[in-house]
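Chains as they are written, first to last, in our numbering: chain A, 1 to 272; chain B, 1 to 242.
FYI, nobody ran anything at the bench for these hints, they're computed from the structure. Where is the CB? At the ideal position from N, CA and C, for every residue including glycine. Each hint should be verified, as a subset may be incorrect.
Some, not all, of what chain B presents toward chain A, calculated at C-beta under 10 Å [unchecked claim]:
(1) 13
(2) 30
(3) 40
(4) 67
(5) 80
(6) 83
(7) 113
(8) 152
(9) 198
(10) 200
(11) 206
(12) 209
Covered stretches of chain A (in silico footprint by chain B; criterion: 3 or more residues with CB under 8 Å from a CB of chain B, positions within the stretch not fixed) [as the list claims (entries may be wrong)]:
(13) 68-81
(14) 114-121
(15) 153-159
One letter stands for each residue in the lines below.
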Amino acid sequence: MRAALTVFRYILLGDLRYRSEFLWSTLNPLMWILPAILMVHFGLGEGLQSGPGTPVNYVAFFLTGAIYWNYVEAVWSLCFYLQEAMEGGVLEALWATTVPRVALFGGWSLSKLFSVTLQSAAGLVLVVLAMVGAPGQALAPVTPVQAAQATLAALASIVASYGLAFLLVGLSLVYRDVESIISMVGNAAPFIGGMAFSVTLLPLPLQVISFLFPFTWGLDLFRGIVFGSPTILAPAGELTVLVALSVFYVAAGYLGFVYMEKTARRCGLVAH
Amino acid sequence: MYRIRYPATLANLGISPFLIVGPYLMAARMWGADPEFQLKVAVGLILWYWLSQFFWIVGFGLRDEMWEGVLESLLVVPRPLCPLMLAKFLDSFLVSSYTTATMLVWFPVFGVPVRLLPAQAVVLLCTGLALGALSVLYAGMVLVVKRAGAFGSATQEAIGILSGMTFSVSRLPRPVQVVSALIPLTYAIRAMRAVTITGSLSAARADLAALVGFTVVVAPLGWYVLNAAYARARRQGTLGEF
Numbered sequence: 001m002r003a004a005l006t007v008f009r010y011i012l013l014g015d016l017r018y019r020s021e022f023l024w025s026t027l028n029p030l031m032w033i034l035p036a037i038l039m040v041h042f043g044l045g046e047g048l049q050s051g052p053g054t055p056v057n058y059v060a061f062f063l064t065g066a067i068y069w070n071y072v073e074a075v076w077s078l079c080f081y082l083q084e085a086m087e088g089g090v091l092e093a094l095w096a097t098t099v100p101r102v103a104l105f106g107g108w109s110l111s112k113l114f115s116v117t118l119q120s121a122a123g124l125v126l127v128v129l130a131m132v133g134a135p136g137q138a139l140a141p142v143t144p145v146q147a148a149q150a151t152l153a154a155l156a157s158i159v160a161s162y163g164l165a166f167l168l169v170g171l172s173l174v175y176r177d178v179e180s181i182i183s184m185v186g187n188a189a190p191f192i193g194g195m196a197f198s199v200t201l202l203p204l205p206l207q208v209i210s211f212l213f214p215f216t217w218g219l220d221l222f223r224g225i226v227f228g229s230p231t232i233l234a235p236a237g238e239l240t241v242l243v244a245l246s247v248f249y250v251a252a253g254y255l256g257f258v259y260m261e262k263t264a265r266r267c268g269l270v271a272h
Numbered sequence: 001m002y003r004i005r006y007p008a009t010l011a012n013l014g015i016s017p018f019l020i021v022g023p024y025l026m027a028a029r030m031w032g033a034d035p036e037f038q039l040k041v042a043v044g045l046i047l048w049y050w051l052s053q054f055f056w057i058v059g060f061g062l063r064d065e066m067w068e069g070v071l072e073s074l075l076v077v078p079r080p081l082c083p084l085m086l087a088k089f090l091d092s093f094l095v096s097s098y099t100t101a102t103m104l105v106w107f108p109v110f111g112v113p114v115r116l117l118p119a120q121a122v123v124l125l126c127t128g129l130a131l132g133a134l135s136v137l138y139a140g141m142v143l144v145v146k147r148a149g150a151f152g153s154a155t156q157e158a159i160g161i162l163s164g165m166t167f168s169v170s171r172l173p174r175p176v177q178v179v180s181a182l183i184p185l186t187y188a189i190r191a192m193r194a195v196t197i198t199g200s201l202s203a204a205r206a207d208l209a210a211l212v213g214f215t216v217v218v219a220p221l222g223w224y225v226l227n228a229a230y231a232r233a234r235r236q237g238t239l240g241e242f
């Protein structure tokens with residue numbers, strides 16, 4: 001725990017050293033989704049129309065997707081810290097310390113989750129304002145069971161992200177320059193997971209792939225509970241699929257990481 | 001050579017751009033966008049991606065070399081800064097053309113219409129020059145502040161929004177339209193939409209003139225800022241480190 005907190009503090013100090021970078025990064029999640037919000041805002045009646053399948057409150061719909069994805073991405077993108085250490089030539093030294101790998105990953109992801117929470121605060125305020133400010137579109141009352149389901153959906157998605165993160169870290173160790181693969185996964189996931197639209201609009205082969213991603217189920221369930229939007233399966237069924245996929249991803253990801261780390265050490269690749 | 005050495009980079013460039021712009025197009029489809037609306041959005045997103053490539057390769061590229069520890073060595077050789085920046089500009093142009101071509105392959109799969117015309121090449125050329133000039137300004141900033149990645153991302157998004165990449169800038173409030181008029185991407189998107197829909201270059205004459213005018217004014221300014229930043233970094237001895 002102390003090691004994880006030390007890594008967290010080290011990253012935080014780096015963020016404070018480059019404050020302008022940190023402050024600008026707080027804008028990015030909102031800036032990313034704003035074009036979609038403005039597209040629908042200005043496009044309604046001029047080429048776009050609301051229908052039975054479209055969410056009533058599109059602002060809250062888009063913002064929720066963006067915030068949800070920020071948290072998921074915060075965890076799996078911890079492999080970027082490994083890439084930075086590799087490019088900076090400090091990875092071997094870091095790997096040779098007695099800090100457990102889990103503590104290292106914990107510290108990296110904790111710092112990212114902390115940043116994302118600060119960055120998402122403005123987005124969360126906007127979601128609430130969008131829900132309260134639009135007449136007849138306020139949040140439906142959520143029962144304790146639904147609140148527990150929504151919380152579990154968000155947590156299971158974050159846990160599943162660790163599985164993907166373990167795998168990407170392992171790949172980085174063995175193949176070094178996997179920035180392209182990481183970037184491809186990072187770009188594919190919001191698209192396949194339906195961050196800004198319903199995955200049922202995707203062509204059938206991509207729908208099948210999207211159903212293998214835990215994030216698809218997590219986001220669909222979360223939106224279903226919070227906005228009352230139609231879900232792919234019944235909430236209980238979606239939660240079961242999500243938890244099962246999360247367990248599978250974490251187990252497979254960790255085993256993959258252990259195997260690839262051993263390979264990297266045996267072949268002397270950590271320093272390259 | 002680097003891109004050939006790591007073919008995954010080329011594969012990524014062939015897939016990722018569509019994945020980045022795809023959510024906006026699918027969202028438009030969710031709201032029942034007609035083919036012309038989808039085409040307009042697709043044009044805006046493609047050109048915004050051009051801006052992104054120029055920003056990262058020409059503007060932020062210097063930071064990559066700094067991070068890898070080769071910038072100082074590159075800049076102390078008795079060669080002017082010009083060939084290095086020109087090489088980055090050409091790389092951006094080639095990469096942007098490649099990503100555009102691959103996006104055009106992906107679009108029909110997702111029901112987005114594609115219309116190819118020779119006149120579009122003229123618009124792309126003018127766009128590349130104007131965005132290259134703007135990116136040189138950003139490169140100067142990168143040399144000064146070092147870590148300007150988040151600023152670069154936020155600026156790209158802001159420029160995309162102000163240029164109407166997913167809607168028409170005429171729908172923005174009047175004071176915001178004044179700001180939009182200062183951005184080259186606004187003219188590039190408007191010109192490309194006009195050429196794509198009418199099929200004629202004459203429909204975009206005024207916007208193309210604006211793009212050329214922007215290049216003529218901003219290229220020397222960007223060059224001055226970059227050289228000033230370079231001289232400052234040399235004076236302070238910060239070329240090789242953060």
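Provide an ascending list of the numbers of those earlier hints which the structure does not satisfy.
-> 5, 6, 7, 9, 10, 11, 12, 13, 14, 15
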